[in-house]
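As a plain string of letters, each chain reads:
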Amino acid sequence: MENTLTSKQLLAKLQSEHYAGAMQAKKEGKLVAWATSICPQELLETLDIDVVYPENHAAAIGARKDAPQFIANAEAKGYSTDICSYARVNMGYADIQFSEAENIPMPDLIFCCSNICNTVIKWYENLAKTLHIPLVMFDMPFNHTFDVPEHSIRYMRGQIEYAIQQLVDITGKKFDYDKFSEVMKVSSESALWWRRATDLGRNHPSPLNGFDMFNYMAMIVCARGKESTRDLFKLWHDEMAEKVRLGKGPWKEGEEKYRIMWDGIACWPHLSVTYKTLKKYGINMVTSTYPESWTIVYEQNDLDGMARAYSANYANRNLDYGTGNVIKLVRDFDLDGIVYHSNRSCKLMDFRQYEVQRRIEGATGVPSVVFDGDQTDPRIFSQAQYETRIQALVEMMEENKIKKQRGDL
Amino acid sequence: MYLGIDIGSSSSKAALLNEEGTIAGTQVVNLGTGTQGIQTALDELYERAGISPGQVLYTVVTGYGRLLYTEADKQITEITCHAKGIHYLMPDVRTVVDIGGQDSKVIRMDSGGTVQNFVMNEKCAAGTGRFLEVMARVLGCSIGDLSCLAAQATQDVAISSVCTVFAESEVISQLSQGQHPNDVARGALRAVAKRVAGLCGRVGVEDSVAMSGGVALNQTMVEVLSQELGRPVVPAPDSQAVGAIGAALLAREQYRKTR
Ligand code: SF4
Numbered sequence: 001m002e003n004t005l006t007s008k009q010l011l012a013k014l015q016s017e018h019y020a021g022a023m024q025a026k027k028e029g030k031l032v033a034w035a036t037s038i039c040p041q042e043l044l045e046t047l048d049i050d051v052v053y054p055e056n057h058a059a060a061i062g063a064r065k066d067a068p069q070f071i072a073n074a075e076a077k078g079y080s081t082d083i084c085s086y087a088r089v090n091m092g093y094a095d096i097q098f099s100e101a102e103n104i105p106m107p108d109l110i111f112c113c114s115n116i117c118n119t120v121i122k123w124y125e126n127l128a129k130t131l132h133i134p135l136v137m138f139d140m141p142f143n144h145t146f147d148v149p150e151h152s153i154r155y156m157r158g159q160i161e162y163a164i165q166q167l168v169d170i171t172g173k174k175f176d177y178d179k180f181s182e183v184m185k186v187s188s189e190s191a192l193w194w195r196r197a198t199d200l201g202r203n204h205p206s207p208l209n210g211f212d213m214f215n216y217m218a219m220i221v222c223a224r225g226k227e228s229t230r231d232l233f234k235l236w237h238d239e240m241a242e243k244v245r246l247g248k249g250p251w252k253e254g255e256e257k258y259r260i261m262w263d264g265i266a267c268w269p270h271l272s273v274t275y276k277t278l279k280k281y282g283i284n285m286v287t288s289t290y291p292e293s294w295t296i297v298y299e300q301n302d303l304d305g306m307a308r309a310y311s312a313n314y315a316n317r318n319l320d321y322g323t324g325n326v327i328k329l330v331r332d333f334d335l336d337g338i339v340y341h342s343n344r345s346c347k348l349m350d351f352r353q354y355e356v357q358r359r360i361e362g363a364t365g366v367p368s369v370v371f372d373g374d375q376t377d378p379r380i381f382s383q384a385q386y387e388t389r390i391q392a393l394v395e396m397m398e399e400n401k402i403k404k405q406r407g408d409l
Numbered sequence: 410m411y412l413g414i415d416i417g418s419s420s421s422k423a424a425l426l427n428e429e430g431t432i433a434g435t436q437v438v439n440l441g442t443g444t445q446g447i448q449t450a451l452d453e454l455y456e457r458a459g460i461s462p463g464q465v466l467y468t469v470v471t472g473y474g475r476l477l478y479t480e481a482d483k484q485i486t487e488i489t490c491h492a493k494g495i496h497y498l499m500p501d502v503r504t505v506v507d508i509g510g511q512d513s514k515v516i517r518m519d520s521g522g523t524v525q526n527f528v529m530n531e532k533c534a535a536g537t538g539r540f541l542e543v544m545a546r547v548l549g550c551s552i553g554d555l556s557c558l559a560a561q562a563t564q565d566v567a568i569s570s571v572c573t574v575f576a577e578s579e580v581i582s583q584l585s586q587g588q589h590p591n592d593v594a595r596g597a598l599r600a601v602a603k604r605v606a607g608l609c610g611r612v613g614v615e616d617s618v619a620m621s622g623g624v625a626l627n628q629t630m631v632e633v634l635s636q637e638l639g640r641p642v643v644p645a646p647d648s649q650a651v652g653a654i655g656a657a658l659l660a661r662e663q664y665r666k667t668r
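Keeping their order, the protein sequence lines are chains A and B. Residue 1 is where the first sequence starts when you use my numbering, and the numbers rise one by one after that. Residue 410 is where the second sequence starts when you use my numbering, and the numbers rise one by one after that.
FYI, nobody ran anything at the bench for these hints, they're computed from the structure. It is possible that some hints are incorrect.
[To be verified] 27 Å max Cα-Cα, derived DSS-like pairs, lysine-lysine: (1) Lys483(B) x Lys280(A); (2) Lys328(A) x Lys404(A); (3) Lys603(B) x Lys401(A); (4) Lys174(A) x Lys30(A); (5) Lys173(A) x Lys30(A); (6) Lys279(A) x Lys483(B); (7) Lys276(A) x Lys248(A); (8) Lys276(A) x Lys603(B); (9) Lys257(A) x Lys666(B); (10) Lys185(A) x Lys248(A); (11) Lys403(A) x Lys666(B); (12) Lys403(A) x Lys483(B); (13) Lys65(A) x Lys13(A); (14) Lys483(B) x Lys401(A); (15) Lys280(A) x Lys666(B).
[What the hints assert, rightly or not] Just some of the chain A residues that point at chain B, by a computed CB distance under 10 Å: (16) Glu28; (17) Ser181; (18) Asp212; (19) Ser342; (20) Tyr354; (21) Arg358; (22) Pro367; (23) Val369; (24) Val370; (25) Glu387; (26) Thr388; (27) Arg389; (28) Glu395; (29) Glu399; (30) Asn400; (31) Lys403.
All residues carry an ideal CB built from backbone N, CA and C; glycine is no exception.
This is chain B alone, in the form it adopts within the complex (with noise of 0.2 Å):
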């Protein structure tokens, strides 16, 4: 068995490929680094495909906290394990979108999956999953739910500041002159969504673009996205495993190669 570990700043993910080369299993517990999280998608991980961390032969670890795992026997960046991890499950797909907690980034890849560019967000939490978390907090739900309120929505509210601190109180003056949340829900996705259309257009995109990471099941970003792009927008198959899944078969891919 191999051992892909994405540890996000939000979340925990972890894969498990096998031999033959096969996902046989995946874990998300939303809880991120400097928790209990890794260890809790771990120990559900191996009881559920019946295994003992003794069988495991290689671990890869990436994410934003994978410089401070140190039970891993290699760290490769997410821009690869993304990378890998879409070329795996949707292997014509040449672009990928992953709006991350901390960093959103857009990957094009070659034929062969190998990353030949990429760009991720400015030092700046515009255009992030943390953008998205602060708009649900002042909207009084999850970020979960942020998705079902947009869905709802007659128009879009703009939301003109690209700081998400300022984003914040404009939304708040907005709700209070009488927008509905809805509205502004779905104006927040679609800041978010011009933002990552943006980088898109530094990468350059060509067909249709993938989305992984947690914010692939939001549907109306997916819609929103799609419109900025004026092209198709697919969420990954277990969107959130992703950078696991990539982690996973590199751990296969490098075992192989040392021995």
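Looking at chain A on its own, in the form it has when it is part of the complex (with noise of 0.2 Å):
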């Protein structure tokens, strides 16, 4: 019976089907590809390219604490400190190309769009270049309007043609529109039950734990366009719709007493001591930024509607937009206060995190500490200091509950 795992079972095949699969397919001589994490890969799948994402990989070596090694190794090459970290670990795996957290092919392709950073832009040319193989670039401006302009969206539209063209030049293959078609439906409903499925931590208490929803991002990231990956998450949407029904919370034990947004990407190597710090105070995360970046939502064959889900990804538009998403959130899930992750290797999240905090601060009178971290690169977080910028965050919101109850707030 197919239907007997538990979505957490199903996740953790699927994971290891994902690399275990990328591996075997390099062994039977296909075509892999490395591509970026919000890229149009419904062509990758529609010319059935086996595909992996090195951010992906990363944060896996990262939470595995095996990170170190490559970061030395990339420093050692002359890059700087500064960079993004997946960046580094990544650079440093395409030379030692082994880790004993996971282990993802050399590519014969790299596949990019810069709808999520300018880093990937250099960090993938770097890639093409040393690797000698094609590099597919979508260029995507940063969108400096609220709206997305629409000439940003035929620019988008006129690189998915064209890329459509490289990867058949690429393959030797003719493009299927009707797997095209198919892949694109695939896609858009998997980001619809990952949305409704993150959707359900508004419900007070939280069926979800956001640290639970840094795990199966894993599958939107990495298999948006595979049957497989909608399954998972309408059955993770359907056990959490459960818990709702049967008023049960975030955890096994405990009481979700404050909820929280964290925003940023997790302190990959500091996991377990950043999830047990919250939890320890009752603090359960029922979002982040990271279920809109991912409603990559569009009609079927509607090659407009895609460029456009792809140029306004949330990481592309301007800080109107949002400051205006995050207040939304504050209100949709009720929250009483919010983690900024200034991660040292992003610096479009970081460089806007400051006056985001402050806008929201004075928009819903909600409290917020800002912690030092990163992703994958372990030396810039401490645990004391995350402690007590916690500590002080549940002083803040206990204050603030005391008030509410009084009618003062």
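Two independent chains are provided; combine them into the complex using the hints.
Put into structure tokens, the structure is as follows:
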């Protein structure tokens, strides 16, 4: 029977199949691509090109504490410590090509979309150049206006069409538009179920523990275009919906006392301590900006819609849009506080963080704290400093609760 | 009696509060977490106040060493304690700066002394008391004497490195190039003041700013920080004990709440 697995078991199975499958594909002589996390993977899926995601791979290496050797390798090659640690881990991996944590096959082509940041442009160009393999690049300029301008969408559409041609040339295959249409449909469905599942965090208590979301995210990054991914998110959704019906919270033991949003990427090398410290105080991360980031939804066969979805990616939107989105999260998820991860790696997210914090505080009065860390470089984080900030946040949230009870807020 | 304890990285502070909510005594010992500092402070405090430890109804511990101190009834962060202490000592103040050994922080509070927002230095010694300690060592003086040296300066020697380690070598080379120690001392204070002013900008400052902690005893520091902020900075009375006083006030609140 297919559905006897829990979503957690299914996630573990799909994840290991994803990595093992890529290794196998390479062995069988199939083409393998390395791609950025929010790229038009639909094209690769249609052409049956196996794809792995260095960001996700670096996160896995980070979480299993194997990042330092790759970081050291990249830094020895001359890459600055200021460069995104996903990039440093991956460029180190391109040399060392083995990790105890998880392995990916070496690529035959590079597939990069700059709708997440500018760092990926040089990072992926360097890979293509040093490995002497083709580069398919989607240049997606930052949207400085609130709405995504029409010309950006047309620009993206043009690049999608051009990329199809490039991929046809690389693979020597015909592009099957019927299959493409099916992949578009499945990708949108996966994204929708991802969104529906994570939206269940709005319930009191939330059935969703945000650190689980960090884990499930692996599949929305790595295999959006596959039916198994859609089914996974639907299963996860249904399990949590059942928890809501039964009034169950995020944890087996302990009650959800405070509801927060976590801004930014997880601190993978210190995942356990960052999680346990929150849980100790009854803090549940009920949401983040990630549910929105992967709500890549558009109509089947609508190439313009697909172009719009990729150019409208959350990370590529302006400050007003980002702030408005967080204000909405504060209200929709009934948040008590926000934890901002000032992530040394990700300039895109950090540079606007203080201004976002200032605006959110002004608009909602919700208290927040910023802590220093890094997504994969373990050297940046200090446990004592993290704990002090989290505890101070609890004290502020508690004061607010008392004030609310008294009717002062 | 209610007891507040503040164990920092380089000093230990204690404060006693009586039933009426008035401070019955404070004690500071310049030895931090992992030493006998807090015990010495408590012994002296009890003796001076003429009470025995048994008379203490509730204890709150705060500071960097709070997680390791097991004898208190509750531990509360230095952020909340400093805000509480300052609100008690200087009720009109809304912003407090505390330059600690490990952490520098700027706290903004509302009219009731509740923390609204705070920022701390990044995971780095720049802008903390540790930076000043290192500078004092290079100048061959005590951290207390930094203020006196700086007060006699005729100019500031700019220290451009943010990193404490690089700043140390920068200062050594400036001294060897013949810069006057007084001017270097004031340059060091200026460097910290600039960092702290940056933190102040992030929380948003209103009216006057109070300063707590041992560095508030450094008059030149207070003066230089006022210049950087373009507004008066007022050292808190009994500045080193502000966190402990806040902790004692919270001990009294907690005790009443639990009864
Ligand atoms: S973490 Fe930030 S800098 Fe690194 S790849 Fe992702 S978006 Fe780009």
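Starting from Lys483(B), check that the Cα of Lys280(A) is at most 27 Å away, please. Holds, at about 15 Å.
Given hint Lys666(B) paired with Lys257(A) - CA-CA distance at most 27 Å: 19 Å, holds
Holds or violated: are the alpha carbons of Lys173(A) and Lys30(A) at most 27 Å from each other? Satisfied, since the Cα-Cα distance of roughly 13 Å is no more than 27 Å.
Given the hint that Lys65(A) pairs with Lys13(A), test it: the Cα-Cα distance must not exceed 27 Å. Cα-Cα ~21 Å, so holds.
Go through the hint on Tyr354(A) and say holds or violated, using the shortest Cβ distance to chain B against 10 Å. 6 Å, holds
Tell me if the interface restraint on Asn400(A) is satisfied: Cβ within less than 10 Å of some Cβ in chain B. 9 Å, holds
Regarding the pair Lys603(B) and Lys401(A), is the alpha-carbon distance no greater than 27 Å? The hint is violated at about 36 Å.
Does Ser342(A) pass the interface check with chain B, least Cβ-Cβ distance below 10 Å? 8 Å, holds
Under the criterion that the straight-line Cα-Cα distance not exceed 27 Å, is the pair Lys483(B), Lys401(A) satisfied? 19 Å, holds
With the threshold set at 27 Å, check whether the alpha-carbon distance from Lys276(A) to Lys603(B) stays at or below it. 36 Å, violated
Does Asp212(A) pass the interface hint, meaning its C-beta sits closer than 10 Å to a C-beta of chain B? 28 Å, violated
Let's test the interface hint: is any C-beta of chain B closer than 10 Å to that of Arg389(A)? Status holds, d = 7 Å.
Against the hints set out earlier in the document, violations occur for numbers 3, 8, 10, 16, 17, 18.
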